[in-house]
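Peer 1: Under UniProt numbering, the first residue of the sequence shown is numbered 1, with each subsequent residue one higher.
Treat the hints as calculated values from the structure; they're not laboratory data. Don't take every hint at face value.
No farther apart than 30 Å at their CA atoms in a straight line, the calculated lysine-lysine pairs in the DSSO-like style are these [unchecked claim]:
1. 446 <-> 258
2. 252 <-> 209
3. 190 <-> 446
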Amino acid sequence: MAENWNRHKSFLFGSYELSGGKSSVKNYANKGTGGFRTLSSGLNRLRTAFRTQRFRSAIAIAITFLLPLGSFGVGGIATLNLGILISLACLPLWFRAATSYLGARVIQALMLASIVCGLLLLLQTSTTHEIIPQRAAALPVTMLFSALTLGVLLWARQAINLASLGVAYGAGALLDSVIRAGEWGENGWKYGYAWPCAVIALSLVIGRKREPLWTLLVVAALVAVSVGGGYRSLVAFAVVAVGLYLCTLWNKNGGDLKRGLRFGMSVLAIPALAFVSLSWLLLGGALGSIAQTRTQEQIAESGSILVGGRQEWAAAVALFRQSPLGFGPGVVPNPEDVAVGKRGLEAIGANEDSYHIDTYMFGGQFRLHGIVSDLWANFGLVGLALSLVLLVAIAWFLWYSGVNAYTTGLQTLLAVWVAWDIFFSPFDSNWRYLIFALSLLLLLRKNHPQQEDRRAAFEFGQKSGPELSPAQHS
Numbered sequence: 001m002a003e004n005w006n007r008h009k010s011f012l013f014g015s016y017e018l019s020g021g022k023s024s025v026k027n028y029a030n031k032g033t034g035g036f037r038t039l040s041s042g043l044n045r046l047r048t049a050f051r052t053q054r055f056r057s058a059i060a061i062a063i064t065f066l067l068p069l070g071s072f073g074v075g076g077i078a079t080l081n082l083g084i085l086i087s088l089a090c091l092p093l094w095f096r097a098a099t100s101y102l103g104a105r106v107i108q109a110l111m112l113a114s115i116v117c118g119l120l121l122l123l124q125t126s127t128t129h130e131i132i133p134q135r136a137a138a139l140p141v142t143m144l145f146s147a148l149t150l151g152v153l154l155w156a157r158q159a160i161n162l163a164s165l166g167v168a169y170g171a172g173a174l175l176d177s178v179i180r181a182g183e184w185g186e187n188g189w190k191y192g193y194a195w196p197c198a199v200i201a202l203s204l205v206i207g208r209k210r211e212p213l214w215t216l217l218v219v220a221a222l223v224a225v226s227v228g229g230g231y232r233s234l235v236a237f238a239v240v241a242v243g244l245y246l247c248t249l250w251n252k253n254g255g256d257l258k259r260g261l262r263f264g265m266s267v268l269a270i271p272a273l274a275f276v277s278l279s280w281l282l283l284g285g286a287l288g289s290i291a292q293t294r295t296q297e298q299i300a301e302s303g304s305i306l307v308g309g310r311q312e313w314a315a316a317v318a319l320f321r322q323s324p325l326g327f328g329p330g331v332v333p334n335p336e337d338v339a340v341g342k343r344g345l346e347a348i349g350a351n352e353d354s355y356h357i358d359t360y361m362f363g364g365q366f367r368l369h370g371i372v373s374d375l376w377a378n379f380g381l382v383g384l385a386l387s388l389v390l391l392v393a394i395a396w397f398l399w400y401s402g403v404n405a406y407t408t409g410l411q412t413l414l415a416v417w418v419a420w421d422i423f424f425s426p427f428d429s430n431w432r433y434l435i436f437a438l439s440l441l442l443l444l445r446k447n448h449p450q451q452e453d454r455r456a457a458f459e460f461g462q463k464s465g466p467e468l469s470p471a472q473h474s
């Protein structure tokens, strides 16, 4: 029986010396220590690989490419894709990146606070309005992923150069548009391909010789395609962006105050001149007969291209006067809300009984066709504050780049584009573009050791050259 016990001990604890009566537990422990050392060494090597620039660049490019792929929703959640999942898995890599950029943490905090505000609004409006549960859950999730995406892209902006970031994200957005080609109908360029093509093309010229010349050629090509594709807004974006881009590059003489005043005057004058010039060209038929007819109809209906083209603003203002606190995500407009919105439309001469108003604007949810108005309606005053902070961040980038004669065509065009979207484009279909643009426009904190890498796309390795971050020029 003792011999059987010895065999069991030998199996459990290692070899057993019958003659001496002593076990080899110590030897087994030593072997175990060697195994733990091997495991620890492997983890250290893996940790070291995570810290290498090559690995970080590869992960950053992969995540950046996957983030705009909205066609590949996971688990029935349209906004949850593979890029978001990988980002969550790599949370320790990018979590602190936002602290390097002015206003990034404030924006993320407002995004999270807006979710709380929206849920509180639901408690208030649930007694007077119908609520769609799927929509009530989807919008807060989208806002949460917006905060996450901003942090990831700010980290990727440090891990790879600006051009590579633009090409990777633009390529992912272009692939998503190709997959969803059936949704665009006859307006494929306007709704599906213009944004990613512009981002890719302008990213490819960053860091090249004669970059300003290449930038102007790319913008000219975008304008030509947009005229043929009936995308009037992009023509306006391009004209304003080119004006600001050239003023930024030429604004080198004088002190900071003089350069700031000069650029501020340019910011006010260029959009006004562009609006007058493009209105004249549109009405004259220089940009095509379709654009001419549409412009004439909008002016005849409401007296202005802007008011006629974005009538939803009149309804949004009327609703704000009635319910300044907002409504909450997933809330269905009740008859009183619809009546208030239609009165606002009637005040500008719009047809308040059109199919667009009954089906799109108030058909099961509030669709006010503007990021600022959508955020207010769904997330209340916190959503409105978030929109104002986004506008301040864009204006700060334009002013700072103008004073320091530093910018790229990509950043300038996106600044103009996203400023328009905040006022006149819906949040649902533009939040990914908004967050990407914001990740390029937030300025690095002064004296931060991270330098902005402005080499050509996919040129990695040791950085060289002067300090290129606009936030470090002063």
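Peer 1: Evaluate each hint against the coordinates.
Peer 2: Tested hints:
1. 446 <-> 258: Cα-Cα ~22 Å, so holds.
2. 252 <-> 209: holds, 20 Å
3. 190 <-> 446: Since the Cα atoms of residue 190 and residue 446 sit roughly 38 Å apart, the hinted pair is violated (cutoff 30 Å).
Consistency note: the structure conflicts with earlier hint 3 alone.
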